[in-house]
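Q: The sequence shown begins at 861 in this note's numbering and counts up by one.
Treat the hints with caution; some may be incorrect.
Said to hold, decoys possible - FRET-style restraints, in silico, Cβ to Cβ:
1) Gly879 - Val991: 39 to 49 Å
2) Gly879 - Tyr988: 40 to 50 Å
3) Val994 - Ser953: 25 to 35 Å
Said to hold, decoys possible - Calculated lysine to aspartate or glutamate pairs in the DMTMM-like style (CA-CA distance at most 25 Å, straight line):
4) Lys977 - Glu993
5) Lys996 - Asp985
6) Lys949 - Glu875
7) Lys949 - Glu993
8) Lys996 - Glu962
9) Lys949 - Glu962
To be clear, the hints were calculated from the coordinates, so they are not data collected in a lab.
Glycine is no exception: its CB is placed at the ideal position from the N, C-alpha and C atoms.
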Amino acid sequence: MTLCNTLTFLSAEIESYLGQNLNSNNRRNGYSKKTVKSALGSFELETPRERNGEFEPVLVKKHQTKLSPEIDNHILSPFSHGMSYSAIKEHISEIYQLEVSEAAISSITDQLIPQLKAWQSRALDSVYPIVGEVKK
Numbered sequence: 861m862t863l864c865n866t867l868t869f870l871s872a873e874i875e876s877y878l879g880q881n882l883n884s885n886n887r888r889n890g891y892s893k894k895t896v897k898s899a900l901g902s903f904e905l906e907t908p909r910e911r912n913g914e915f916e917p918v919l920v921k922k923h924q925t926k927l928s929p930e931i932d933n934h935i936l937s938p939f940s941h942g943m944s945y946s947a948i949k950e951h952i953s954e955i956y957q958l959e960v961s962e963a964a965i966s967s968i969t970d971q972l973i974p975q976l977k978a979w980q981s982r983a984l985d986s987v988y989p990i991v992g993e994v995k996k
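With the sequences and hints as input, model every part of the structure.
A: Shown next as structure tokens:
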């Protein structure tokens, strides 16, 4: 879930960045891959690039290799509370100092909601191991 949310948000970040500079010839230019660590383990992340090399992602910075443990909560909490697009826009702006249009937020939610519903309705294993820590 973390990977899907992060990829969706990164995509919205670069779209917002490129949308602010409409007079520029700058366009998307593929992805750069890196391995990042989260509370749920490591995974490979493809960060979007643009031709001029000026895009600085806010959510996962260029050389960042560890994700904040509460990243899913920051991304998902507005959706789970039924916030309006303008409230979600303010929430994202407060946390990440990123200006995202309401149209971009609509696009993000349109992409995330089917993923969330699929995750909620996934088949669960019949047994899960419990790992605990014994403190002395």
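Q: Using the C-beta atoms of Val994 and Ser953, is the stated range 25 to 35 Å upheld?
A: violated, 43 Å
Q: Range hint 39 to 49 Å: satisfied by the CB atoms of Gly879 and Val991?
A: Hint holds: Cβ distance 45 Å, inside 39 to 49 Å.
Q: Within a Cα-Cα threshold of 25 Å, do Lys949 and Glu962 meet the stated pairing?
A: holds, 7 Å
Q: Is the Cα-Cα distance between Lys949 and Glu993 25 Å or less?
A: violated, 39 Å
Q: Between Lys949 and Glu875, does the CA-CA distance stay at or below 25 Å?
A: Since the Cα atoms of Lys949 and Glu875 sit roughly 15 Å apart, the hinted pair holds (cutoff 25 Å).
Q: Hey, Lys996 versus Asp985, does the alpha-carbon distance stay inside 25 Å?
A: Violated: Lys996 and Asp985 sit about 32 Å apart, past 25 Å.
Q: State, for the Cβ atoms of Gly879 and Tyr988, whether the hinted interval 40 to 50 Å holds or is violated.
A: With Cβ atoms ~43 Å apart, the hint holds.
Q: Verify the proposed pairing of Lys977 with Glu993, using a straight-line Cα cut of 25 Å.
A: Outside the cut-off at roughly 33 Å; violated.
Q: Given the hinted pair Lys996 and Glu962, is their Cα-Cα distance within 25 Å?
A: This hinted pair is violated, its Cα atoms lying about 51 Å apart.
Violation of the numbered hints given earlier is confined to hints 3, 4, 5, 7, 8; the remaining hints are satisfied by the structure.
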